Every structure is written in structure tokens, then in C-alpha cells.
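What follows is each chain in one-letter form.
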Amino acid sequence: GEKVEQHESTLSVREGDSAVINCTYTDTASSYFPWYKQEAGKSLHFVIDIRSNVDRKQSQRLIVLLDKKAKRFSLHITATQPEDSAIYFCAGSTSSGQKLVFGQGTILKVYL
Amino acid sequence: AQTIHQWPVAEIKAVGSPLSLGCTIKGKSSPNLYWYWQATGGTLQQLFYSITVGQVESVVQLNLSASRPKDDQFILSTEKLLLSHSGFYLCAWSHAGTITEVFFGKGTRLTVV
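Chains as they are written, first to last, in the numbering used here: chain A, 1 to 112; chain B, 113 to 225.
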């Protein structure tokens, strides 16, 4: 089955710098890749997603890149702010099913 | 607007005791429904999904069961809790059809002692 690997377990960046979180997946049939944010003790909150028919998507300070050949996708957070500090999860799913496989999560800390 | 409500917010239960967690989605008909489990400090594991009333598919075996008795209700249960069942349980929904954005409830924190 699909496996999603999240490469950075923790990431510390200075406020205003960019943060990049990388994920890889195994199933070439995967076509939907969302990202979620989890603040301490809370549930998951959707931040952005990308489908396999595009290789880049931007929403304000968030950019998602998808490299289908390498089976890799990444989340770029530009001009980071302290409120960006949280755990970020990447996930992957095939278009046919209802199964979303999550990465292990990246703890992002934005310091002043 | 759609809302998702999970209950209870938290539970402390003894090993071997039964468990029932619930989830209700309002404002959306025939959603896909999901149960996820998150071990403390860990990733999320999808447990079950349902695309229609009365039909539930298991994704992993954790000595848990799920049911969808109504279109807007999803129940997670077990007759005998294990210590390994401790964690954060999240109910979620998405629009029917091809998987799209999944919306999560606020979760139930379960501690098995």
C-alpha cells in the first residue's frame, strides 16, 4: 500500500525566513496531496492541497510543489510568523479511494 | 455550513472496559466519513471509512469496530479496551465521490489505564 514519508521531524526557522517541508510517496497512482496543520493539543486543520494535474499551487504564503517523477512533494511557507509554529502533516491518496495516508509530521518552530 | 461534533471530548477508561465514541455531521448529506487514530506524539492512522449508511470499511485491525447507523452519524467502539488504544481519536468527513479535502472534528482524547 501507499507509504508517505516526511523527511524533517523538526524544523526551526527565524521569523521572516522560509520553511520547507519535504515528503515522498510510493504509490504512482496517488493523485491528491493535502497538507494539514496541528496546533498543540488540537485537531487537524487543512492548509493547502495539490492534485497531480499540476506541479505548483500557491495560497498566500503557502506554496506546494509536486514532482511526480521523483514522487516528491513539498510545502514552502514564506515569510514565516510565530503563529506558523505547529506540527505539519503531509498526506497522499489515490483518486479512486477513500484512504488518506499521512506522513509522520514535522514540528515547525518559528523563533524571533 | 457543515459542522462536525465529536463526543466525548475526553475519556479515562480501564483496561478491559467497553468504549463508544461518537461523531455527528450536520449540514451535509451523504458525506464520506472516517475515523483516525493518533498515538501521543505520533502520526495519524486511518481506521475506518464509510461512504454510505450501514457500510463501513476497515483499514487497519486494532480490535475496534465502527458503525454508521444514520447518514450523519459514525460510531467507534470496542467491547474490551487495551492499553494500546490510548490516543487521540479523530472523526472526519469529506464530500462524496473522489477524495477531496477532509474536515476533522475536534477529537476525543482517550486514556486507558
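Derived by calculation from the structure, the hints in this document are not laboratory data. All values reported here derive from a predicted model rather than from experimental measurement. Be aware that one or more of the hints could be misleading.
As the list claims (entries may be wrong) - Pair by pair, the computed Cβ-Cβ distance ranges are:
#	chain 1	residue 1	chain 2	residue 2	range
1	A	L62	B	Q114	15 to 25 Å
2	A	E5	B	G166	43 to 53 Å
3	A	T10	B	P130	16 to 26 Å
4	B	E169	A	T28	15 to 25 Å
5	B	I124	A	Q60	39 to 49 Å
6	A	F46	B	K125	37 to 47 Å
7	A	H45	B	T136	16 to 26 Å
8	B	E191	A	D67	19 to 29 Å
Ideal Cβ placement from N, Cα and C applies to all residues, glycine included.
Check: When the hints from earlier in the document are held up against this structure, which numbers fail?
Finding: 2, 3, 6 and 8
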